[in-house]
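Asks: Chains as they are written, first to last, in the working numbering: chain H, 156 to 504; chain W, 156 to 504; chain V, 17 to 359; chain A, 17 to 359.
Hints listed in this document are in silico derivations from the structure and should not be mistaken for laboratory results. A portion of the hints provided could be inaccurate.
[To be verified] Not close to chain A: a few residues of chain W, all C-beta gaps over 12 Å, as computed:
1) Gly256
2) Ala342
3) Thr393
4) Ser422
[What the hints assert, rightly or not] If you only want the chain A side, here are some residues facing chain V, beta carbon under 10 Å, derived:
5) Met166
6) Met168
7) Ser198
8) Gly202
9) Asp235
10) Asn236
11) Val280
Note that CB positions come from ideal geometry on N, CA and C, so glycine has one too.
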Amino acid sequence: MPRTTFSQAIELALSAAMAEDDRVLVLGEDVQMLRRSLFLRFGTQRVRNTPISESAMLGTALGAAMAGWRPVAEIMFVDFVTVAMDMLMNHAAKLATFSNGRWRAPLVVRAACGGGYGDAGQHEQALWGMLAGVPGLSVVVPSTPADAAGLMLAALHDPGPVVFLEHKLLSQDWLEAVGGHSRARAALDVPENGTIGEVSFPPEATPLGQAALRRPGTNLALVSVGVGVHRCLSAAATLADEGIDTAVLDLRTVSPLDREAVTELASSTGHVLVVDEDYTRGGLSGEIAAVIAERDTGARFGRVTCEGTIPYARELEREMLPNEQRIVTAAHRLLGRESRQAASSQRAR
Amino acid sequence: MPRTTFSQAIELALSAAMAEDDRVLVLGEDVQMLRRSLFLRFGTQRVRNTPISESAMLGTALGAAMAGWRPVAEIMFVDFVTVAMDMLMNHAAKLATFSNGRWRAPLVVRAACGGGYGDAGQHEQALWGMLAGVPGLSVVVPSTPADAAGLMLAALHDPGPVVFLEHKLLSQDWLEAVGGHSRARAALDVPENGTIGEVSFPPEATPLGQAALRRPGTNLALVSVGVGVHRCLSAAATLADEGIDTAVLDLRTVSPLDREAVTELASSTGHVLVVDEDYTRGGLSGEIAAVIAERDTGARFGRVTCEGTIPYARELEREMLPNEQRIVTAAHRLLGRESRQAASSQRAR
Amino acid sequence: MSAQPDLRSLYRQMCRMRYVEETVAGLWNDGLITGEMHLGTGEEATIAGVAAHLRPGDALSVDYRSTPPFVAHGVDLEAIFRELLGDAGGLDGGRAGHMHLLSPEHLAAASGIVGASAPVVCGFGLAAQLDGRGQVAVAFFGDGAVNEGMVMESLNLASVWRLPVVFVCKDNRWAVTTRSRSVTAGGLRHRARGFGLPVVTVDGRDVAAVWRAAGRAVDNARRGLGPTFLIARVERLEGHFLGDPLMQVARNTRVLTAEVAPLVAGVWSGPGAGLPVRLRSLMRLSQTIAAAMLGQVRPRKDPLMLTRGLLEASQAAALEQETRAEVAGALAAARGGKVLRSA
Amino acid sequence: MSAQPDLRSLYRQMCRMRYVEETVAGLWNDGLITGEMHLGTGEEATIAGVAAHLRPGDALSVDYRSTPPFVAHGVDLEAIFRELLGDAGGLDGGRAGHMHLLSPEHLAAASGIVGASAPVVCGFGLAAQLDGRGQVAVAFFGDGAVNEGMVMESLNLASVWRLPVVFVCKDNRWAVTTRSRSVTAGGLRHRARGFGLPVVTVDGRDVAAVWRAAGRAVDNARRGLGPTFLIARVERLEGHFLGDPLMQVARNTRVLTAEVAPLVAGVWSGPGAGLPVRLRSLMRLSQTIAAAMLGQVRPRKDPLMLTRGLLEASQAAALEQETRAEVAGALAAARGGKVLRSA
Ligand SMILES: Cc1ncc(C[n+]2csc(CCOP(=O)(O)OP(=O)(O)O)c2C)c(N)n1
Ligand SMILES: Cc1ncc(C[n+]2csc(CCOP(=O)(O)OP(=O)(O)O)c2C)c(N)n1
Ligand SMILES: [Mg+2]
Ligand SMILES: [Mg+2]
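Can you build the whole structure from these sequences, using the hints too?
Replies: Below you can see the structure in the form of C-alpha cells.
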C-alpha cells in the first residue's frame with residue numbers, strides 16, 4: 156500500500172467520492188484554493204467558495220443535503236462552528252427525529268481541530284465532546300491517514316449529519332497554513348505515525364462507531380482519539396518499560412461511541428485512563444466514566460484532559476494539553492490508588 | 156417569610172440589585188413587556204428591547220460588562236443561544252484566562268430552559284451540560300423560588316459570566332407565555348413546590364457551587380437539578396415506601412459543580428442515580444460518573460436522562476424526559492445490580 | 017404563467033388555510049394541541065399568492081406559522097391535523113408538531129428558530145440551481161427575522177450565487193410585543209437592497225397583487241435571473257401566538273384594567289428611576305397596548321374579507337362551504353381513529 | 017479637534033506600528049512567536065488616522081491584526097513584545113498572544129474570530145453612551161467580515177441605538193485567498209447604507225484623508241449623533257498571514273513554477289468534470305495568483321512611503337530613527353530578562 160499523508164488521504168477519499176457520485180459537493184471559505192486539486196478536477200459548480208458566513212454555509216449545505224445532494228461543508232476550524240451551532244444542532248441533527256426518520260441530511264461538516272502549535276484557546280479547541288453531546292450528530296476524529304481516508308468515505312456514505320474533525324498536528328495542509336515555515340523552529344510535537352502512513356487505494360470505508368485497539372495490554376487501558384492516541388502510544392511504551400502492560404484504544408469516532416470496546420477493555424484491564432484533548436467537562440471523558448460504571452466493569456477511572464482555556468505561551472499550552480508526561484504521571488496515580496480503592500469499596504458495602 | 160412564585164423571586168432579586176446598583180441593566184427581546192415592572196421602575200435606558208439578534212445582544216452585554224456595567228442579557232429560550240454561542244464561549248468565557256485574570260465580564264445570561272409542555276425538541280432543551288462544558292462559564296439551574304432569587308443575586312454579584320437558566324415548568328411567566336390558558340387542560344406535570352415557596356426579603360445570595368441536600372437517605376442518592384429535583388423527591392417518597400432510604404441532592408449549579416457533596420453522598424449511600432433532563436451525552440451525568448470514579452467512592456452509578464431529540468407528541472415527550480416512573484425503575488435496576496457488580500469487581504482485582 | 021390570477025382558486029386556498037387555523041385554535045383551546053401555537057391567520061393572501069406559482073419539485077422553507085404554507089403547498093390535511101394532535105399517523109409521526117412540520121415529498125420544512133428558513137432555502141435553491149430543471153425555492157419569514165444574522169448572511173449568499181430563491185418577508189409590523197420598526201435600522205426595503213437584491217413591496221392582504229408580484233419573482237428565479245426579496249404587508253390577526261397576553265389585554269377591557277392598574281401603581285413603587293423616566297416607560301407600554309388594540313379594530317384588513325369582496329357572493333359561499341367541508345372531513349378523519357404507536 | 021492633521025505625529029505613529037510588525041515578523045521567522053501571525057502592515061495610515069482621535073476612556077475593539085491598533089492606542093511596546101513571546105511579563109501574562117490582546121486599562125480588546133469586534137464594540141459603545149461623558153468606541157474589521165452575521169446584527173443594533181461607535185472596515189479586497197468582491201453582494205457601501213448608517217469611503221493609505229474622515233465620525237459619535245461606517249481602502253503587504261503560501265507563490269517564481277506545474281498537470285488527471293470546466297477552474301486560480309502578484313508590484317501604495325513623501329526628508333528620517341530606537345529598545349528590554357512564571 157502506498158504511503159500517504161493525512162491530508163492526501165482525505166483528498167483521496169473526497170476525490171474518489173466526487174468522481175463516483177456527481178452529487179458530492181465541497182463548499183466553504185477559500186476551498187477553491189485550499190482544495191485546489193479538487194477544484195481543478197470538479198470545477199466551480201462542485202467546489203464553491205462561500206462568503207465568511209458559517210450559518211448560511213451550514214444551512215445551505217443542510218438544505219442541499221435535504222434535496223438530495225451530498226455536501227461537504229468546510230468550517231475552517233471547529234472553533235468557528237460556534238457562530239453556526241444552530242444550523243447544526245437545532246436543524247441538521249434534529250431532522251431525522253422530527254421527520255420520523257423519513258428525511259435525512261447526508262451532510263459532512265469538515266473542520267480542523269486541536270492545539271499544540273501556539274494559536275491559543277480560540278483556535279485550538281477540540282469541541283468533539285460538545286458536538287457528540289447533541290443527539291443526531293456523528294463525530295469522527297481520525298488519528299491516522301488510513302482512518303482519515305476511511306472515515307471520510309464512511310462519512311460521505313452515511314445518512315448524516317457527520318462532523319469530520321482533522322487535527323491540525325496531523326494535517327500537513329493545516330500545519331503549513333497555521334505555522335508556515337516557522338514550524339520546525341517552533342518545535343511542534345507532531346506525531347509522525349499520524350501524519351504519514353499506508354492507505355489502501357482505492358480507499359476503504361472505516362465504519363463509524365468502531366474503535367481500534369492500537370496496542371494490546373493487560374494492566375491499564377489508555378482510551379483516546381486523534382493526536383491523543385499518539386501521545387498514549389508513547390506513554391504506553393514508557394509504561395511498558397516499567398512493567399505496566401498498557402493497552403491503547405483509539406475510539407476513532409466520538410459519536411457513535413464504541414461502548415463495547417471500552418467495556419471489554421475496562422473489564423480486562425481493570426484500569427481506564429482517558430486521554431482527551433477536549434475539556435475536562437467537554438463530555439467525552441465523563442461519558443467513558445459513565446459507560447464503565449453503568450456496565451459494572453469495576454474498573455478504576457482516571458483522565459488526562461484539557462482543564463481550561465488554552466493559553467498562548469508554549470509552555471503553558473504544553474501543560475494544558477495532554478502530553479506523555481501527564482499521561483505517565485496519571486497512570487501511576489491511577490494504579491497507585493488500588494489499595495485506597497479496595498479499602499473504600501469495602502467500607503461501602 | 157412571604158410565599159413567592161419562582162418568577163416573582165427572580166424579579167425580586169433583579170429589582171433589588173437594580174435599585175442598589177445603577178450599573179445593572181436588562182437587555183433582550185421584548186424585555187420591556189416581559190419585565191414590565193422593571194421597565195416601569197428603571198426606564199428605557201436600563202431595560203432595553205433588542206432586535207432579534209442574539210449575537211449582537213450577547214456581544215453588547217459582554218462589551219458593556221467589560222466596560223464596568225452589569226448586564227443581564229435575556230436569550231428567551233436557551234435553545235436560541237446556539238445562534239450566539241461564539242460570543243459566549245469564545246469571548247465571554249475566555250476573557251479571564253486571556254487577560255491573565257485582569258479583566259472580567261460580570262455578565263448574566265438569563266434564559267428559559269427545559270421541556271414538558273409540548274413544544275418539542277427545538278424549544279425544550281436543557282443544554283446546561285454543553286454550557287458547563289466550557290471552562291470559564293458558570294451555569295446555575297434553580298429548583299425553588301428561594302434559590303431562583305438567591306442564585307440570581309449571586310450571579311449578579313459574580314465576576315461572571317454566569318448563565319442563569321429558569322425551567323419553564325417552574326416559571327409562571329413562561330408557562331403563561333408558552334401554554335397560555337390551555338395549560339390546565341394540557342395536563343402539565345408542574346411541581347408545585349418549585350413554582351411557589353418562601354423567599355426571604357430582602358433576598359439573600361445562594362453561593363454558586365453549593366449543592367443542597369433536599370432529602371437525606373442512606374441507601375441511594377438521587378442527584379439532579381431544576382425540575383429533575385422535584386421528580387426525584389416524588390420518586391424518593393415512593394422508594395422510601397418500599398424501604399429504600401433515598402437521598403436527593405440538588406446540585407443547584409451545574410458549574411461550578413459541588414464535587415464534595417456528590418462524593419460524600421456517593422460514599423455514604425454507595426449508589427448514585429443521576430436524574431438529568433439534559434442529553435445523556437450532554438455532559439452532566441457523565442461528569443458525575445467521573446467524579447465518583449475519580450474519587451474512588453466505590454459507588455454504583457446509573458442515570459435517567461434525555462436520550463434523544465425531544466419529540467412533540469405528549470406521550471413521547473413524557474417518555475423522553477425523566478419522570479418518576481423512569482427514576483423508580485432505574486433505582487430498582489441500580490440496586491439490583493449489586494450482586495453482579497460485587498462479582499465482577501472481585502474478578503478485576 | 018397566465019396573466020390574470022384565478023381568484024376563485026386563490027380564495028379557495030385561502031379558505032382552506034383559514035379553516036385549518038380556526039380548527040387548530042379550537043384544538044389548542046381544548047388542550048389537544050400543545051406548545052406555543054403561532055397561527056398564520058392574516059397571512060393567507062400572501063401565502064396563497066406565492067404558493068400558486070409553485071410546481072412539484074419546488075421547495076418551501078418556512079417559519080413557525082407553518083400550517084398555512086403546508087396546506088397551500090398541497091400537504092394532506094388529515095396528516096397535518098394528526099401531526100398537530102401528536103398522532104402516530106401524523107405527517108411526521110407526531111414527532112415534529114406545529115413548529116417543525118417536515119414533508120420530504122413536498123421538499124417542505126418548517127422551523128421554530130427565528131430566521132432559520134433563510135439558510136435552509138439557500139440549500140434548496142442551490143440544489144435547484146444545480147439540478148438545472150428550473151425549480152425554485154421559497155422562504156417565508158417575518159419582519160423581525162431580518163435582524164437575525166443568519167438571515168442576512170443568506171440574503172448575501174443567495175444574491176452572490178444568484179440562487180433561484182424568493183425570500184418572502186411577511187411584514188406584520190410586530191415581533192412578539194416589539195414594533196419591528198423600532199429595532200430595524202434602515203427599514204426592510206433598504207436592508208434588502210443592501211444585498212444587491214431586487215426588492216418588491218406589495219400589500220400582502222391583496223391576493224391579486226401578491227400573485228402578480230410573486231409570479232414575476234418566481235419566474236425570474238426559474239429563468240436563472242436570481243433571487244428576489246418580496247415584502248408583503250400582512251396582518252397578525254391572533255396575536256403572536258394563541259393565548260397571547262397582549263391580545264387578551266387588547267381585546268378585553270376587564271383584562272386591560274386588571275393588567276394596567278398594577279402597572280400604573282408601579283410607577284410610584286420602590287426605589288428606581290425618577291418619575292419622568294417612569295412615565296416614559298408607562299407611555300411606551302401604553303403605546304404598545306394601543307397598537308395591539310388598533311390592530312383589532314381593522315377587520316377590513318382581513319385578507320379573506322378583501323378577497324371575498326372580489327367574488328360573486330354565491331361563488332364565494334360555495335367555495336367556503338366546499339372548503340369548510342373538506343377541513344371538517346379531514347379533522348373528523350384525523351380524530352376518527354388514533355393511529356397507535358408500535359412499541 | 018484641530019482642522020489640520022499633525023503629519024509628523026501621524027507618521028511617527030505609523031513608523032512605530034511598522035517597526036513593531038517588522039520585528040514581530042523576525043521573531044516569528046525565528047520560531048519565537050507562534051501560531052497564525054497576521055500583520056497589519058499596509059493598514060498603518062488607517063489606524064493612525066483613526067487612533068489619533070481617541071482619548072483616554074475611549075474603547076477599541078479589533079481583529080487579529082491587533083498589534084498596530086494596540087501600539088497606536090498607547091499600549092506599552094515591551095508588554096506587547098513580551099506577550100507575543102509568551103512571557104509571563106507580557107501584557108496578558110503570555111496567555112493571550114497576538115490574536116487576543118487585551119488591555120483593560122485601555123479598554124482595548126482583540127479577537128481571532130472574524131467579525132467578533134463588532135458585537136463587542138456595541139457593548140463598549142453602550143457603556144460610553146450610558147456613562148454620558150462623550151466617550152466613543154471604535155471597531156476595526158476586514159472587508160470579508162461584513163458577511164459574518166454578527167457584524168450585520170451589530171451594524172443594525174448600533175444604528176438603532178445610535179451608539180457612539182465608529183466601525184472601521186479595512187478594505188484590503190481580500191479574505192485569505194478569496195477576492196471579497198466575489199462573495200459580497202451589493203458592495204460595502206450599499207451594505208452599510210442598508211442599516212441606515214452614514215457611510216464614508218476613504219483611501220486608507222492616505223493618512224490625512226483618514227484623519228479628517230475619522231475626525232468627523234468620532235466627533236459625531238461624541239456629540240451623540242450616532243455611529244458611522246468608515247470604509248478605508250488598505251493594503252495587505254504581507255499576505256493573509258506570515259508564511260502565506262499565496263504570497264510565496266506570488267513572490268518567488270521558483271515556488272510559482274513548483275506550485276503551478278502540478279496544477280496544470282492536474283487539469284488532465286483523474287475522472288471528473290470535462291476540460292472546459294477544468295480550464296475555467298485553472299483560469300480562476302491563475303487570476304487569484306496574478307492578483308496576489310500584482311499586489312506585490314505596487315510599492316507606491318505603501319502608506320508609509322506615501323506619508324513620508326509629505327514630510328521633509330530630514331524630518332522623516334529623524335522620526336524613523338527615533339521610533340526605530342524606541343522599538344529596538346522595547347524589544348531589547350522584552351528579550352532582556354524573561355519574567356519567570358511562579359508555579
Ligand atoms: C433565534 C430565535 N430567537 C428568538 C426566538 C423567539 N421568537 C419566536 S417568534 C419571535 C418574533 C419573530 O418576529 P417576526 O420575525 O416578525 O415574525 P412574526 O412572529 O411576527 O410572524 C421571537 C423573538 C426564536 N424562536 N428564535
Ligand atoms: C468565524 C470565523 N470564520 C473564519 C475564520 C478564518 N479566517 C480568519 S481571517 C479570515 C479572512 C477575513 O477576511 P477580512 O475580514 O477581509 O480580513 P483580512 O484578513 O483581509 O484583514 C478568515 C476566513 C475565523 N477566524 N473566524
Ligand atoms: Mg413580524
Ligand atoms: Mg480583507
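Asks: So, for every hint listed, does it hold in this structure?
Replies: Results for each hint:
1. Annotated as non-interface, W:Gly256 brings its C-beta within 12 Å of a C-beta of chain A; the closest such distance is 8 Å.
2. A cut-off of 12 Å between C-beta atoms confirms that W:Ala342 is not in contact with chain A; the least separation is 39 Å.
3. Listed as outside the interface, W:Thr393 is consistent with that label: its C-beta sits roughly 49 Å from the nearest C-beta of chain A, beyond the 12 Å cut-off.
4. Against the 12 Å criterion, W:Ser422 stays outside the reach of chain A, whose nearest CB is about 32 Å from its own CB.
5. With 10 Å as the threshold, the beta carbon of A:Met166 comes within range of chain V, its nearest partner Cβ sitting at about 5 Å, so the hint holds.
6. Given hint, A:Met168 at the interface with chain V, holds; its Cβ is 4 Å from that chain's nearest Cβ, closer than 10 Å.
7. Given hint, A:Ser198 at the interface with chain V, holds; its Cβ is 7 Å from that chain's nearest Cβ, closer than 10 Å.
8. With a cut of 10 Å, the hint placing A:Gly202 at the interface with chain V holds, because the nearest CB-to-CB distance is about 4 Å.
9. The interface hint given for A:Asp235 is violated, since its Cβ lies 21 Å from the closest Cβ of chain V, which is over the 10 Å cut-off.
10. Nearest Cβ of chain V to the Cβ of A:Asn236: about 16 Å, over the 10 Å cut. The hint is violated.
11. The interface hint given for A:Val280 is violated, since its Cβ lies 27 Å from the closest Cβ of chain V, which is over the 10 Å cut-off.
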